[in-house]
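Peer 1: Put together the whole structure using the sequences plus the hints.
2 protein chains.
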Amino acid sequence: MSRRLLILTDGYHDSHTAKTAINAIRYKPEEVVAVLDRSQSGKTCQELFGLGGGIPVVGSVAEAPGANTLLIGIAPPGGKIPPPWRPIVLEAIARAYDVVSGLHDFLCDDPEFAAAARQSGSRLVDVRKNDEHDVAQCEGFREGCLRIHTVANDCSVGKMVVSVEVVQGLKRRGIDAKFVATGQTGILIEGDGCPIDRVIGDFVNGAAEKLVLANQHHEVIVVEGQGSLCHPRYSGVTLGLLHGCRPDGLILVYEMGRTTIHGMEQFPLASLETTRDLYEHVAGVLHPCRVIGVAINGGRFPDAEVAAERDRVRQRMGLPVCDVLRHGPDELVDAVLELRRQLKK
Amino acid sequence: MSRRLLILTDGYHDSHTAKTAINAIRYKPEEVVAVLDRSQSGKTCQELFGLGGGIPVVGSVAEAPGANTLLIGIAPPGGKIPPPWRPIVLEAIARAYDVVSGLHDFLCDDPEFAAAARQSGSRLVDVRKNDEHDVAQCEGFREGCLRIHTVANDCSVGKMVVSVEVVQGLKRRGIDAKFVATGQTGILIEGDGCPIDRVIGDFVNGAAEKLVLANQHHEVIVVEGQGSLCHPRYSGVTLGLLHGCRPDGLILVYEMGRTTIHGMEQFPLASLETTRDLYEHVAGVLHPCRVIGVAINGGRFPDAEVAAERDRVRQRMGLPVCDVLRHGPDELVDAVLELRRQLKK
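From first to last, the protein sequence lines stand for chains F and H. If you use numbering that gives the first Met the number 0, the first sequence corresponds to residues 0 to 344, in order. If you use numbering that gives the first Met the number 0, the second sequence corresponds to residues 0 to 344, in order.
Source of the hints: derived by calculation from the structure; they are not laboratory data. We put the CB at the ideal spot given by N, CA and C, even for glycine. Honestly, I wouldn't trust all of these hints.
As the list claims (entries may be wrong) - Ranges between beta-carbon positions, derived for each pair:
| hint | chain 1 | residue 1 | chain 2 | residue 2 | range |
| --- | --- | --- | --- | --- | --- |
| 1 | H | G10 | F | A95 | 23 to 33 Å |
| 2 | H | L212 | F | A306 | 42 to 52 Å |
| 3 | F | R117 | H | V124 | 25 to 35 Å |
| 4 | F | F140 | H | S270 | 18 to 28 Å |
| 5 | F | E142 | H | H15 | 58 to 68 Å |
| 6 | H | V124 | F | G256 | 48 to 58 Å |
| 7 | H | K27 | F | A95 | 31 to 41 Å |
To be verified - Below are the DSSO-like pairs computed for lysine-lysine, each with C-alpha atoms no more than 27 Å apart in a straight line:
| hint | chain 1 | residue 1 | chain 2 | residue 2 |
| --- | --- | --- | --- | --- |
| 8 | H | K209 | H | K42 |
| 9 | H | K170 | F | K79 |
| 10 | F | K209 | H | K79 |
| 11 | H | K128 | H | K170 |
| 12 | F | K42 | F | K27 |
| 13 | H | K343 | H | K170 |
| 14 | F | K79 | F | K27 |
| 15 | F | K128 | H | K209 |
| 16 | F | K170 | F | K79 |
| 17 | F | K79 | H | K128 |
| 18 | F | K209 | H | K128 |
| 19 | H | K170 | H | K79 |
| 20 | H | K27 | H | K42 |
| 21 | H | K170 | H | K209 |
| 22 | F | K170 | F | K209 |
| 23 | F | K42 | F | K170 |
| 24 | H | K42 | H | K128 |
| 25 | F | K209 | F | K42 |
| 26 | F | K128 | H | K343 |
| 27 | H | K79 | F | K128 |
| 28 | F | K79 | F | K128 |
Said to hold, decoys possible - Covered stretches of chain F, as calculated for chain H (at least 3 residues, CB under 8 Å):
| hint | segment |
| --- | --- |
| 29 | 23 to 31 |
| 30 | 129 to 137 |
Peer 2: Shown next as structure tokens:
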């Protein structure tokens, strides 16, 4: 039975908090029946999120006939399910929907949800659940596989989107490329990967290494980055992932107009130059690596302003620069292929 | 009932693998009844480990009358209990000993151990078990508390010993100082702390921050470091801890004579200068911080060679340098107090 998604975002439609919903609609629109938001019922996804065309926004589970899976569409800090959502989740379970969640609080650990699911036969799918228990070995990386990694000066800037778009661009050039997902949304879209931020600290580097080992039969892999080395909350995960996958090249992603760490406005964002230097310094401890391009997330600005930003950043950084959703990823794809030529991979 | 330890090291008496045993003997000798090593039975701890005086090494649980607690005395990579130890652990449980373990594989998740403990009334104490589930907030640090952190170019170089000795030295000067434990051995010695390498990736920074918040009523805290920013396996934990506790000053610890990462000989160790620059760069992203002194672990060398090394490193680094177990920690204590004066804390 194919997956038919009803995506729950109820009350959270800003692009940061609802990023799981928005990217499921962007990359799996054929699976999405509707979005459930009681305060926005009657709109289309295009009106609510700026993408997704005529996919309807509905006000209840009953209004999405044909759906068979409820997807929790938000990723709040701390990862807890909002209490007003409980009756909606319970109704979906009562209708024998599968429920898919990327939250840190597991559905299957919730006694009420678990009991209801046992009764109806629902499957509770906690995407972040993992049993990673191996330290990194630093052995067995295949020389011929080029490893690219997306990094950033903050979380929620679009590293996953850039990773997916660059892989699609590489495939269009005939390259056997693979998007390696490390977060719940990426795993949902790609169908495999590892929820790296949920792995026990000692095994984060090892879990990242295993992702490379499992995917290095491809010519190029693009490993989705998480958090930021500059982020007060998530820098440990970011470094474990960076050192575990030991990339050959980095793509630096940022959101145009953002000036402080998202949700922690007391921290000014590091400049692109500072961020580049930090990543190259830290990654270089284990494997030679440099930033090969910059991806702008210009979503909040008109075309002309993003074009001007692109020119400025090209000048400043001396690197290929693009907004993958606006300009396509070709300039970054070229940078990846140029690195591949240089390294003879 | 006071704790009377029988320490199990059976077959693992090198100073890296048996570091939990050795440091329990060093800092809690009054609690140690005996060490259990079937291949070394009849020796004293002094003969086997070079410390611990006449504490006997025995060949069975029966030979340690008066003990009431079996301590698993090793910390192998990956953290699994050696299979030949199972009958020993089961015998201790049968005698109603508590069993204390810092391994990643929890005793209480082992069906055979758990069943035996239920029968005998033993407590299975898994020191690494935790329920940390909070992200860092970057709020509420007390200005008046000086935060010191021990860091290194590798794991198992003696960061815990340096932390404990510097705190003892500060206390001898009348300073209200606190050793903040972050590993199983430190927690065993100090009686509190957080097993930071066992925390879920997303919450490592947050757990480290909570350690500061819980201890910042002291004048100076010395937060035990873990792993190394240069370590292929553990760098993620190291950075989460560094960014979570946001130290004012770092003490850089290294083992004299070591040239490669312990257990991963394909990786040459970074120089002290390279290590210092890396830590100052990465820590400085969130909080101004510098290396204020260097601690030599000269355990494998005679006095004269350590003295010569000390002079060389003082010259090279322009910093206070000592081997805390050989020279005492006073030079590092002076460096901490000088930083405190400079920062007016």
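Peer 1: For each hint, tell me whether it holds in the structure or not.
Peer 2: Hints, verified against the model:
1. H:G10 with F:A95: 23 to 33 Å: violated (55 Å)
2. H:L212 with F:A306: 42 to 52 Å: holds (47 Å)
3. F:R117 with H:V124: 25 to 35 Å: holds (33 Å)
4. F:F140 with H:S270: 18 to 28 Å: Holds, since F140 of chain F and S270 of chain H (Cβ atoms, about 25 Å apart) stay within the stated range.
5. F:E142 with H:H15: 58 to 68 Å: violated (32 Å)
6. H:V124 with F:G256: 48 to 58 Å: Holds: the Cβ-Cβ distance is about 52 Å, inside 48 to 58 Å.
7. H:K27 with F:A95: 31 to 41 Å: Violated, since K27 of chain H and A95 of chain F (Cβ atoms, about 57 Å apart) do not stay within the stated range.
8. H:K209 with H:K42: Violated, at about 43 Å.
9. H:K170 with F:K79: violated (43 Å)
10. F:K209 with H:K79: holds (20 Å)
11. H:K128 with H:K170: Judged against 27 Å, a Cα distance of about 30 Å means the pair is violated.
12. F:K42 with F:K27: Measuring from Cα to Cα gives roughly 20 Å; hence the hint holds.
13. H:K343 with H:K170: holds (19 Å)
14. F:K79 with F:K27: holds (25 Å)
15. F:K128 with H:K209: Measuring from Cα to Cα gives roughly 25 Å; hence the hint holds.
16. F:K170 with F:K79: Violated, because 37 Å separates the two Cα atoms, which is more than 27 Å.
17. F:K79 with H:K128: holds (21 Å)
18. F:K209 with H:K128: Distance ~25 Å between K209 of chain F and K128 of chain H Cα, so the pair holds.
19. H:K170 with H:K79: violated (37 Å)
20. H:K27 with H:K42: holds (20 Å)
21. H:K170 with H:K209: holds (23 Å)
22. F:K170 with F:K209: holds (23 Å)
23. F:K42 with F:K170: Given pair K42 of chain F, K170 of chain F is violated - Cα atoms ~35 Å apart, limit 27 Å.
24. H:K42 with H:K128: It is violated: about 34 Å lies between the C-alpha atoms, which goes past 27 Å.
25. F:K209 with F:K42: Status violated; Cα separation ~43 Å.
26. F:K128 with H:K343: violated (46 Å)
27. H:K79 with F:K128: Holds: K79 of chain H and K128 of chain F sit about 21 Å apart, inside 27 Å.
28. F:K79 with F:K128: Given that 27 Å is the threshold and the Cα spacing comes to 14 Å, the pair holds.
29. 23 to 31: That given contact is violated, which follows from only 0 residues of the segment 23 to 31 of chain F lying within Cβ reach (below 8 Å) of chain H.
30. 129 to 137: Our answer is that it holds, as 5 residues pass the Cβ test (under 8 Å) against chain H, meeting three.
Of the numbered hints given earlier, the model fails hints 1, 5, 7, 8, 9, 11, 16, 19, 23, 24, 25, 26, 29; all others are met.
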